[in-house]
Amino acid sequence: MNQQVKPVKTDFKYVGTRPIRPDGPDKVTGRAKYGADLNLPGMLFGHIVRSPHAHARIKSIDFTEALKLPGVLATMCADDLPDPGDRILPGAEIEMKLKDISPIIMARDKVLFHAQAVAAVAATSASLAAEAAKLVRVEYEVLPHVLDVHAAMRDDAPLLHNDMFTQGMNPPPTTPSNLSVDFTMDMGDLAAGFAEADVVVERTYRVPMCHQGYIEPHAAVARTDGNGRVEIWCCTQGHFMVRSMTAEITGIELGKIKVIASEIGGGFGGKTTVYGEPVAAVLALKSGRPVKIVMSREEVFRATGPVSSAETRVRIGAKNDGTITAIETDILMESGAYSSSPIMPSTMFAAACYRCANMRSRGREVLTNKAKVWAYRAPGAPQSIMAVECAINEVAERLGMDPIDLRLKNAVEEGDVPLFGLPFLAIGLKKALQEAKNHPHYRAPLQANQGRGVAAAFWINAGMQSSATINVAADGSLHVLTGNPDIGGSRASMALLAAEVLGIPVETVHPSVVDTDSVGYCDTTGGSRTTLATGGAVIQAAEMLVAELCKRAAAIWNVNFDDVEWSDGKAIARIGADLENLMEGTAAAASAPKVLTLAELAAMAGATGGPLCAVATLHAHNAQPAFAVNICDAAVDRETGKVDILRYTCIQDAGKAVHPAYVEGQMQGGAVQGIGWALNEEYIYNEKGELDNAGFLDYRIPVASDLPMIDTVIVEVPNPLHPFGIRGVGEVPICPPMPAVVTAVNQAAGVRVCDLPLTPPKLLAAIDAA
Amino acid sequence: MAKVIFSSQLQRYTDGVRELEVAASKYQDLVAELSQRFPAMTTAVIDKYAIAIDGVINQMPLLARFDHDSELVFIARIAGG
Chain A
124 MNQQVKPVKT DFKYVGTRPI RPDGPDKVTG RAKYGADLNL PGMLFGHIVR SPHAHARIKS
184 IDFTEALKLP GVLATMCADD LPDPGDRILP GAEIEMKLKD ISPIIMARDK VLFHAQAVAA
244 VAATSASLAA EAAKLVRVEY EVLPHVLDVH AAMRDDAPLL HNDMFTQGMN PPPTTPSNLS
304 VDFTMDMGDL AAGFAEADVV VERTYRVPMC HQGYIEPHAA VARTDGNGRV EIWCCTQGHF
364 MVRSMTAEIT GIELGKIKVI ASEIGGGFGG KTTVYGEPVA AVLALKSGRP VKIVMSREEV
424 FRATGPVSSA ETRVRIGAKN DGTITAIETD ILMESGAYSS SPIMPSTMFA AACYRCANMR
484 SRGREVLTNK AKVWAYRAPG APQSIMAVEC AINEVAERLG MDPIDLRLKN AVEEGDVPLF
544 GLPFLAIGLK KALQEAKNHP HYRAPLQANQ GRGVAAAFWI NAGMQSSATI NVAADGSLHV
604 LTGNPDIGGS RASMALLAAE VLGIPVETVH PSVVDTDSVG YCDTTGGSRT TLATGGAVIQ
664 AAEMLVAELC KRAAAIWNVN FDDVEWSDGK AIARIGADLE NLMEGTAAAA SAPKVLTLAE
724 LAAMAGATGG PLCAVATLHA HNAQPAFAVN ICDAAVDRET GKVDILRYTC IQDAGKAVHP
784 AYVEGQMQGG AVQGIGWALN EEYIYNEKGE LDNAGFLDYR IPVASDLPMI DTVIVEVPNP
844 LHPFGIRGVG EVPICPPMPA VVTAVNQAAG VRVCDLPLTP PKLLAAIDAA
Chain B
86 MAKVIFSSQL QRYTDGVREL EVAASKYQDL VAELSQRFPA MTTAVIDKYA IAIDGVINQM
146 PLLARFDHDS ELVFIARIAG G
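Just so you know, the protein sequences line up as chains A and B, in that order. Here my numbering is used: the first residue of the first sequence is 124, the next is one more, and so on. Here my numbering is used: the first residue of the second sequence is 86, the next is one more, and so on.
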């Protein structure tokens, strides 16, 4: 075996506690600075001109009239950006073609969805910029559009890209189409698996296109200095990503870009790309003035990463004793106007919770004239897991078996090999299922018109690259610098991890998210990676600091390095007294000076080698999967179709919960988002290809009054590859809610609606038809 | 010798071969060995995948090494949200 795994730490002093969040006071008092909060002297305001058509050829763009307005100082369109050609974005997590990203910033030749950016202006006020944008004359040749995935796959469908040939087909196709990817993964003998089944369930479930629904719209401010450097302030999940993507899209040298991440009002995957940042940078360079671009809510809905819709046909076979013999999924996923959907994970992970010898999963990605989709927590997994988990519940129903018992009988555990081929190490699915079964919620009686759904889910989690710097101030306080925007409490986690290694109170550790010039490199905050990977860098830096502190203490005492130990924030010389007596302060007086605290060592830093500072950088290969189980009780009003979520419980394996309150927050947030997706959230397009519900009045996300208190149970099965046992926790919470809710609602209503969201009119129609 | 397991996606580049033992003990040698054995399995194809070495995913495996009894699985790169 290749792995050299250190023992996982299990005894913690600070990790696992719930200190007050370091970012909390500024956020609740309004002092925190978000993307739109920066204003600079002489700043201009950018406004983006958007396509009124869902599919059209751009014949010309004329800025003449706009530039006649006094105060309009710069304009831009795709001509101001380099041709993306066939370039692949370097360093991307997955292969991304620049030609699928650049036209979202500014359309080139064609527009492929309504509200796609085609031009921009910068003026001395926001209202003037908006007025000038109306004067930009764009001449279009309108083309037919297609909004439905089935229609888009027809031979006579309007073609979005004439150079798109379906990937994954063998032999490769010779004609272009809107079907961008078609691939199948399989193992075992599917036909034999179904032949030995006593029960077979087959259904098709549809999950709608939705939006990540973050509260803060995208915002950016760019300015240049006398040396041609560009500084960008923006709300983002990854300012290093903003730097590299802005460089690729605009042609500005990467080394001339510095990005500062503001506080962020939600991202959920939707802020792992750029929209206004490159535009602001180009306008700033052209005007020589700072430029601010803030999207309206309507622009956010119409033109930023919605989430793929999916239609999943699932077929599951099982024996009478509950043994699952075959699982087949066929997923049709909508990508919007450019190839970017998470069809790969959707296909790979649909049934990852189950041990089954015979499996097949087909994934197809289809392009339509809608906004290009982008990531949402556990991208792609909720859509296909939704279908599999509902079908598992139906299998249990057909077998007369408890749905948790059915899952326990078939749940994957250490050593099992799922469809995607990677054997599981220690995982917590069975423990989470057992916790669910033992929970009082699961035994509570239900009343008439009420139903209960359970669902399990998997997400793979990511590692990737991170750096961390720890500086020790003269008073012994620690300053932990990392480069991951804090979207879910990572600053508190970084402080706890450093405090744990150094053995000092967490209140003396000050974590900061610093700009791209001030720390090595951090991949984007996403993939449930930050606490694992950036936290790993913090642990390493803290360990390096401990070694340095011991070295300096040894020099001061003139003893060997090996005779110095670090414990509870102090260097202790092992010579002259045993460690226990030193710690208790009962050592002989002669031995007493052989203790130096961090503060004492920090005060002597100048005389012992200079400032105390440690830098660690890594590529984390130790990510391990997360599993979650949800229980949902729902009631349905049979006269109106209204759904009430009565009780909700989330159980999740966190590996080790560094700050349990934040883990619980992730679980609760994921549940709320899944409840919204199941019951209300959907993109509604009209026949012209315009989004009809581009605002929170018509696109309904759950509010507090829609929800019960969401109970949480954290399971801790340590990640065997991480020194502290940490797994990512941010993504898997959104995977089980939809099937848990849908099962509960269908059971309560006595129907089986498979087409989400389960809105009152849809439920009422099903109840009436039943 | 290390064992390489190909997913059904990759098997179209390996003439349907699902498992293979390789002499390589370094990633770069592995790529060369696979490309030589299966001409369709070019560096460009392999570069689209991460590799899991004994269950541990490595997204940028250029300098990765493995043992003679290691199990290697190519896996699609997954982005998070």
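Note that these hints are calculated values from the structure, not bench results. Watch out, some of these pointers could steer you wrong.
[As the list claims (entries may be wrong)] Taking beta-carbon pairs under 8 Å as the criterion, some of the chain B residues facing chain A (in silico):
{"id": "1", "residue": "I90"}
{"id": "2", "residue": "Q94"}
{"id": "3", "residue": "A109"}
{"id": "4", "residue": "Q113"}
{"id": "5", "residue": "A137"}
{"id": "6", "residue": "G140"}
{"id": "7", "residue": "M145"}
{"id": "8", "residue": "A161"}
{"id": "9", "residue": "G166"}
[To be verified] Dumping the calculated DSS-like pairs for lysine-lysine here, alpha-carbon to alpha-carbon at most 30 Å:
{"id": "10", "chain 1": "A", "residue 1": "K233", "chain 2": "A", "residue 2": "K191"}
{"id": "11", "chain 1": "A", "residue 1": "K554", "chain 2": "A", "residue 2": "K409"}
{"id": "12", "chain 1": "A", "residue 1": "K222", "chain 2": "B", "residue 2": "K133"}
{"id": "13", "chain 1": "B", "residue 1": "K111", "chain 2": "A", "residue 2": "K191"}
{"id": "14", "chain 1": "A", "residue 1": "K674", "chain 2": "A", "residue 2": "K765"}
{"id": "15", "chain 1": "A", "residue 1": "K554", "chain 2": "A", "residue 2": "K129"}
{"id": "16", "chain 1": "A", "residue 1": "K136", "chain 2": "A", "residue 2": "K554"}
{"id": "17", "chain 1": "A", "residue 1": "K220", "chain 2": "A", "residue 2": "K409"}
{"id": "18", "chain 1": "A", "residue 1": "K129", "chain 2": "B", "residue 2": "K88"}
{"id": "19", "chain 1": "A", "residue 1": "K674", "chain 2": "A", "residue 2": "K136"}
{"id": "20", "chain 1": "A", "residue 1": "K220", "chain 2": "B", "residue 2": "K111"}
{"id": "21", "chain 1": "A", "residue 1": "K409", "chain 2": "A", "residue 2": "K156"}
{"id": "22", "chain 1": "B", "residue 1": "K111", "chain 2": "A", "residue 2": "K136"}
{"id": "23", "chain 1": "A", "residue 1": "K156", "chain 2": "A", "residue 2": "K379"}
{"id": "24", "chain 1": "A", "residue 1": "K233", "chain 2": "A", "residue 2": "K220"}
{"id": "25", "chain 1": "A", "residue 1": "K233", "chain 2": "B", "residue 2": "K133"}
{"id": "26", "chain 1": "A", "residue 1": "K132", "chain 2": "A", "residue 2": "K693"}
{"id": "27", "chain 1": "A", "residue 1": "K220", "chain 2": "A", "residue 2": "K381"}
Just so you know, these numbers come straight off a predicted model, no measurement behind them. No residue lacks a Cβ here, since even glycine has one placed at the ideal position from N, Cα and C.
Fill in: Distance restraint between K233 (chain A) and K191 (chain A), which requires alpha-carbon spacing of 30 Å or less
holds, 27 Å
Worksheet item: Do the numbers back the hint for I90 (chain B), that is, is its least Cβ distance to chain A under 8 Å?
Response: holds, 6 Å
Practice prompt. Please work out if K111 (chain B) and K136 (chain A) have their alpha carbons no farther apart than 30 Å.
Written response: Status violated; Cα separation ~40 Å.
Discussion item. K220 (chain A) and K381 (chain A) were given as a pair; does the straight-line alpha-carbon distance stay at or below 30 Å?
Written reply: holds, 23 Å
Worksheet item: Does the structure keep K233 (chain A) and K220 (chain A) at a Cα separation of 30 Å or less?
Response: holds, 17 Å
Worksheet entry | Hinted contact A109 (chain B) with chain A - closest CB pair below 8 Å | Status violated, d = 13 Å.
Worksheet item: For the pair supplied as a hint, K220 (chain A) and K409 (chain A), is the alpha-carbon distance within the 30 Å limit?
Response: holds, 27 Å
Worksheet entry | Proposed proximity, K554 (chain A) with K136 (chain A) (alpha carbon, max 30 Å) | Roughly 25 Å separates the two Cα atoms, so the pair holds.
Worksheet item: Would the pair K674 (chain A) and K136 (chain A) pass a check requiring their Cα atoms to be no farther apart than 30 Å?
Response: Holds: K674 (chain A) and K136 (chain A) sit about 24 Å apart, inside 30 Å.
Practice prompt. Given the hint that K233 (chain A) pairs with K133 (chain B), test it: the Cα-Cα distance must not exceed 30 Å.
Written response: Roughly 29 Å between the alpha carbons, so the hint for K233 (chain A) and K133 (chain B) holds.
Fill in: Agreement of K674 (chain A) and K765 (chain A) with the hint, judged by alpha carbon distance not exceeding 30 Å
The hint is violated at about 67 Å.
Discussion item. The hint names A137 (chain B) as touching chain A; please verify it with the least Cβ-Cβ distance against 8 Å.
Written reply: holds, 5 Å
Going down the numbered hints, you'll see the structure goes against 3, 4, 11, 13, 14, 22, while the others check out.
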